[in-house]
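K.L.:
First to last, the sequence lines map onto chains S and L. The first sequence begins at 0 in my numbering and counts up one residue at a time. The second sequence begins at 0 in my numbering and counts up one residue at a time.
Everything labelled a hint here was simulated from the structure, so no lab data went into it. Some hints could be false.
[Unchecked claim] Chain S side only, calculated, beta carbon under 8 angstroms to chain L, not exhaustive: (1) E23; (2) L25; (3) H159.
[Stated by the list, open to error] Only part of the chain S face toward chain L is listed, based on derived beta-carbon distances under 10 angstroms: (4) H183; (5) A193; (6) L213; (7) R260.
Computed from a prediction, not measured in an experiment: that's the story for all the values here. Using N, Cα and C, we set each Cβ at its ideal position, and we do this for glycine too.
2 protein chains.
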Amino acid sequence: MIGLDWGTTSLRAYRLAPDGTVRERLDRPGGIMTVAPGGFPAAMEAAIGPWLSDGENAVVLCGMVGSRQGWVEAPYLPCPAGAAELAAATIELPFARARARLIPGLTCTDAQGVPDVMRGEETKLVALAPRLRDALVCLPGTHAKWARIEAGRITGFTTHMTGEVFAALSQHTILARTSTDAPHQPGAFARGVAQAQQAGGLLHHLFGARTLHLMDRLAATETRSYLSGLLIGHEVAAALAQTGATLVDLVGADALAALYRAALEQRGITVRLHEPDLVAAGLHAFGSSLGWN
Amino acid sequence: MIGLDWGTTSLRAYRLAPDGTVRERLDRPGGIMTVAPGGFPAAMEAAIGPWLSDGENAVVLCGMVGSRQGWVEAPYLPCPAGAAELAAATIELPFARARARLIPGLTCTDAQGVPDVMRGEETKLVALAPRLRDALVCLPGTHAKWARIEAGRITGFTTHMTGEVFAALSQHTILARTSTDAPHQPGAFARGVAQAQQAGGLLHHLFGARTLHLMDRLAATETRSYLSGLLIGHEVAAALAQTGATLVDLVGADALAALYRAALEQRGITVRLHEPDLVAAGLHAFGSSLGWN
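Produce the entire structure from the sequences given, and follow the hints as far as they go.
P.N.:
If you want it as structure tokens, here you go:
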């Protein structure tokens with residue numbers, strides 16, 4: 000079978016053996032923002048046509064391809080939900096060359112009634128759930144997710160706009176003027192994480208990145224790492240405050256996961272790191288539940 | 000005498016009567032960023048030349064004109080400081096047509112050793128101090144300031160990058176896509192302020208502006224006001240958490256001061272609003288202490 004994680008800016012495809020082993024993988028731009036209305040079947044065929052010609056006949060998809068801007072809008076499934084509810088809510092896609100089913104995203108609501116949403120991460124969480132049963136899972140990214148798994152089901156989650164806020168602030172505020180591109184500076188990052196644990200609030204702490212530089216106590220090469228530490232530190236503090244967890248399961252690409260690991264460990268949290276390709280295992284699990292492996 | 004509040008992006012000049020009454024005022028672009036190195040005497044003469052020709056011979060200046068990018072760098076004076084210390088630390092400027100003295104900015108350091116700075120606001124605070132003696136003063140803006148006045152002296156302050164963060168997030172994140180220019184929406188603003196009082200953290204609350212819109216519970220015309228309420232709400236929460244104040248003295252231009260007033264009153268804080276031209280009174284006070292009125 001074939002698994003597809005089709006997001007806003009990229010497409011990741013996996014050709015999966017019956018036991019879930021990744022036989023081939025494809026990772027390319029060509030996210031849903033590049034697909035014209037009505038162009039999804041052709042875009043998918045362009046990506047995985049060779050595998051279909053080679054005999055594959057079943058495709059499981061997840062990610063923003065199921066959003067309003069995607070191929071077909073798959074309504075969000077409310078939490079708590081697990082693999083069974085998600086599998087029952089998959090949607091068949093009109094595709095001539097293979098069976099194709101879309102995994103819906105999840106939604107939940109906080110105590111004040113403000114909704115939250117995810118698309119794509121639920122598939123990674125389904126892959127993790129049987130291993131963990133009960134856990135707090137962090138999935139860093141442009142819109143980082145923190146999800147609670149209880150008794151193997153996803154009971155709730157929160158999104159933090161950390162990655163996107165970092166990009167906006169580092170490029171479009173006064174902080175851009177006094178920061179230069181430089182390799183990651185672990186010392187400056189740790190100082191930012193430490194400051195995020197103090198009183199004052201994020202909007203005040205941000206100005207510290209300016210004043211520390213002004214007073215020659217933060218180099219231009221350190222500003223971005225300090226800002227990154229402040230933002231990830233505030234995210235981690237808020238996420239932990241709501242759960243009291245002392246152990247976090249972390250899923251993400253190497254460089255970003257390393258930052259979150261450092262911030263969590265600086266706070267005394269134990270971190271279990273999981274493989275970034277977890278989505279392939281999740282897609283395979285859904286395929287299996289459909290009898291496609 | 001003449002008072003000049005010369006900032007990064009604008010210049011405000013006041014022709015002051017001996018009793019401090021503003022006889023004439025000038026408000027124009029031409030902030031220090033528009034002045035070439037060595038061009039400050041000519042730029043000042045271009046602004047206030049007619050008043051000098053009319054007999055004025057003394058100018059008191061405050062603001063970013065005393066920064067590293069300004070006319071002469073006036074070292075920051077450490078808090079606590081009051082009118083007397085600031086007056087003693089004014090710096091004479093080389094100007095042919097009148098006596099000219101520059102008021103320095105202030106600096107202070109938080110419990111973690113992170114410095115904070117202000118330039119220009121100290122002059123407004125000096126004008127307020129004799130009236131208030133002890134107070135928590137909020138000065139909204141691109142870089143909003145919260146200052147403590149004790150026994151008539153400025154004992155400390157914090158800067159919050161709220162205005163600049165609002166501009167960056169409203170223009171350069173996913174929130175820009177689902178927000179349209181619209182008049183201020185007080186209901187949406189109040190919802191943002193209320194959400195800022197809840198758990199979850201700012202980086203999470205920001206995503207709510209996205210999801211509420213996605214779920215048709217926040218109109219595109221309301222997104223900017225909701226975001227404004229979230230950010231000002233977080234600033235106010237952080238500033239109040241550090242002081243326990245129940246009364247805030249607010250200094251600012253009408254529209255922005257109205258937002259802060261609404262956010263503070265929503266939290267049950269009593270607000271005393273002061274005139275935005277307070278800087279003229281402060282500049283006059285320094286002139287008086289120099290015997291220039």
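K.L.:
For each hint, tell me whether it holds in the structure or not.
P.N.:
Verification of the supplied hints:
Restraint check, E23 of chain S versus chain L: the minimum CB separation of about 33 angstroms is more than 8 angstroms; hint violated. For L25 of chain S, the interface hint is violated, since its Cβ never comes within 8 angstroms of a Cβ in chain L; the closest pair sits about 26 angstroms apart. For H159 of chain S, the interface hint holds, the least distance from its beta-carbon to any beta-carbon of chain L being 4 angstroms, beneath 8 angstroms. Interface restraint check for H183 of chain S: the shortest CB-CB distance to chain L comes to about 20 angstroms, outside 10 angstroms, so the restraint is violated.
The criterion of a C-beta within 10 angstroms of any C-beta in chain L is met by A193 of chain S, whose closest approach is roughly 8 angstroms, and the hint holds. Checking L213 of chain S against chain L by beta carbon gives a least distance of about 7 angstroms; that is within 10 angstroms, so the hint holds. This hint is violated: R260 of chain S has a C-beta 18 angstroms from the nearest C-beta of chain L, more than the 10 angstroms allowed.
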